[in-house]
Amino acid sequence: MKRSPSEIKLEQMLRSSKLVAGGFMGNDPRTPEEIIRDDAAALQRLGRTAAEIAQRMRTLTNTARAALGNWVEAEGKYRLRSEEWKGMLICPWPHPGRFEKRLTACRRLDTGEEIVWSDLNIHLIEAHGFFEGKGSPFRLEPETLVRILF
Amino acid sequence: MTFESCQITINNSRKQMVRGGKSLLATLHEQKIFIPTACGGRAVCGLCKVKVLKGGGPLTSPEKPLLTQQEQANGFRLACQVKVQGDLEIEIPDDLFRIRRYRARCSKIEDLTDDMKRFTFELENPKTIDFTAGQYIQLRCPPYNGSREGVTRSYSIASNPQENHHIDLIIRRMPHGICTTWCFEHLKVKDAVYFTGPYGDFHLRPADAPKIFIAGGSGIAPFVSILWQMKNNADKRKAVFFFGCNRIEDLCLLDEMKRFEQELADFHFVPVVASPSPESGWKGQTGLVTEAVQRSFQTLRGWEGYLCGGPGMIEAAVRVLAELGIPQENIYYDKFA
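One line per chain: the protein sequences are D and B, in this order. Under our numbering, think of the first position of the first sequence as 1, with each following residue one higher. Under our numbering, think of the first position of the second sequence as 1001, with each following residue one higher.
Think of the hints as simulated: they come from the structure by calculation, not from any bench. There could be a bad hint or two in this list.
[Said to hold, decoys possible] The following residues of chain B were derived to be distant from chain D, with all beta-carbon distances above 10 Å: (1) 1009; (2) 1017; (3) 1092; (4) 1155; (5) 1160; (6) 1175; (7) 1189; (8) 1234; (9) 1270; (10) 1274.
[Unchecked claim] Output of the computed footprint for chain D on chain B, the stretches with three or more beta carbons under 8 Å from beta carbons of chain D: (11) 1103-1111; (12) 1305-1312.
Every residue gets a Cβ at the ideal spot worked out from N, C-alpha and C, and that includes glycine.
Sequences are here, hints too, so could you generate the full structure?
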């Protein structure tokens, strides 16, 4: 299927280091459309939606934020920490989207499994269904998210 | 289409003849007028606001979310989105004329904690900088690791304003951050660095009111500079500095803070460790930095508050200081945003 100029331009932005070090695509050879399509299929198999995942991430982020950069336990099953840096993270899609530079670590107390996300990750999942490319430092596997968040 | 010659009138007095065709931000930069920007002209940071009195074309859609209704009504625009295609009349704060581009050389890199370093930059051209304690600079991070474009990032100056031949920056590493990764992994002593500045209006106010400073992590940076300024001026006003961190290992600059306590007339440093391990023997304040403030004061009526840190910390601290009686207009902050 022929790709539109805007899709090609978006992929160039996602592969560049203009907004984040190393870009958003990692070493994934797939196009952003293919990544989004494959992750959407994975979510369907898992019985969850991107909106549900984003909502859980946002809830846990807000809980972690209240601890002002310190670790806090939540819901009897998580250890959370939200750290903030100066500046904003910018959505690579062509629309105004800027997010505080914040990383939230979420560790399951029962398994010790830990994931880290930014506020931009939440937006990318919620608004664009984009979990980033394989090999990107902030790639979030849908299976891992569902296993940890629910 | 080319725009050979356009006139930009600034603050109704200074007239610059410029070659048109570029953004107002880039054009002013070429004229050595450094409007602050954090996103490099992508209409996302909203820092490059200027008042356009004449010319500049209509407001563009990327600008609208970054300008309040009042700013739009008053003619404010994002300089990165205004194309210089004809004569323009603009207004900018006079302070921006003081901003210079500096070439400096990294002369010292010190580990402060496992994720925080202090960088010292000796100025080469110009050789000195005049700044007010609390201000920040915009550091240019060059392209590296295959990237084709550099970025600029803002960092508070953490040095003595009187020692104006160098600046110190305190930088906390952000995992995979473009500029902090460069600073931590690529920048070496003797390397050339470039920055513009000084920017910002976070500074100690002249009122006699006692001051409470609250910071976490690299938010300590502007307060180091402010404490130097207080020392230089033999400032006798009361000041208390609450510095919050997660672990004892995250505490830094304790010796310097002790010296300020000895040398300033009425200064007290209060480190707050959220979760010290029992075996550490920590006897100081624990919990959140805001909780320590609440425990330490029944009222702060008549004080001024100065805050530096992430948005979460600022919001919580503003709430606590307001509860303790400091009116909003006496709370000043440098928010990490």
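Each hint, compared with the structure:
The claim that residue 1009 of chain B lies off the interface holds: its Cβ sits roughly 30 Å from the closest Cβ of chain D, which is beyond the 10 Å cut-off. Chain D leaves residue 1017 of chain B outside its interface by the beta-carbon criterion, the shortest separation being 32 Å against a cut-off of 10 Å. No beta-carbon of chain D comes within 10 Å of the beta-carbon of residue 1092 of chain B; the shortest separation is about 22 Å. For residue 1155 of chain B, the shortest C-beta to C-beta distance to chain D comes to about 7 Å, within the 10 Å cut-off, and the non-interface label is violated.
Distance to chain D confirms residue 1160 of chain B as a non-interface residue, since its nearest Cβ pair spans about 22 Å, more than 10 Å. The claim that residue 1175 of chain B lies off the interface is violated: its Cβ sits roughly 7 Å from the closest Cβ of chain D, which falls inside the 10 Å cut-off. With a minimum CB-CB distance of about 22 Å to chain D, residue 1189 of chain B clears the 10 Å threshold, and the non-interface call stands. With a least CB separation of 32 Å from chain D, residue 1234 of chain B remains clear of the 10 Å interface cut-off, as annotated.
With a closest Cβ-Cβ approach of about 15 Å to chain D, residue 1270 of chain B is found to remain outside the 10 Å limit, as its non-interface label requires. Not every Cβ of chain D is farther than 10 Å from the Cβ of residue 1274 of chain B; the closest lies at roughly 4 Å, contradicting the non-interface assignment. Given a C-beta distance limit of less than 8 Å, the hint that chain D covers the region 1103-1111 of chain B is violated, as 0 residues qualify and 3 are needed. Look at the region 1305-1312 of chain B against chain D: 4 of its residues bring a Cβ nearer than 8 Å to a Cβ of that chain, three or more, so the hint holds.
Of the numbered hints stated above, those contradicted by the structure are hints 4, 6, 10 and 11, listed in ascending order.
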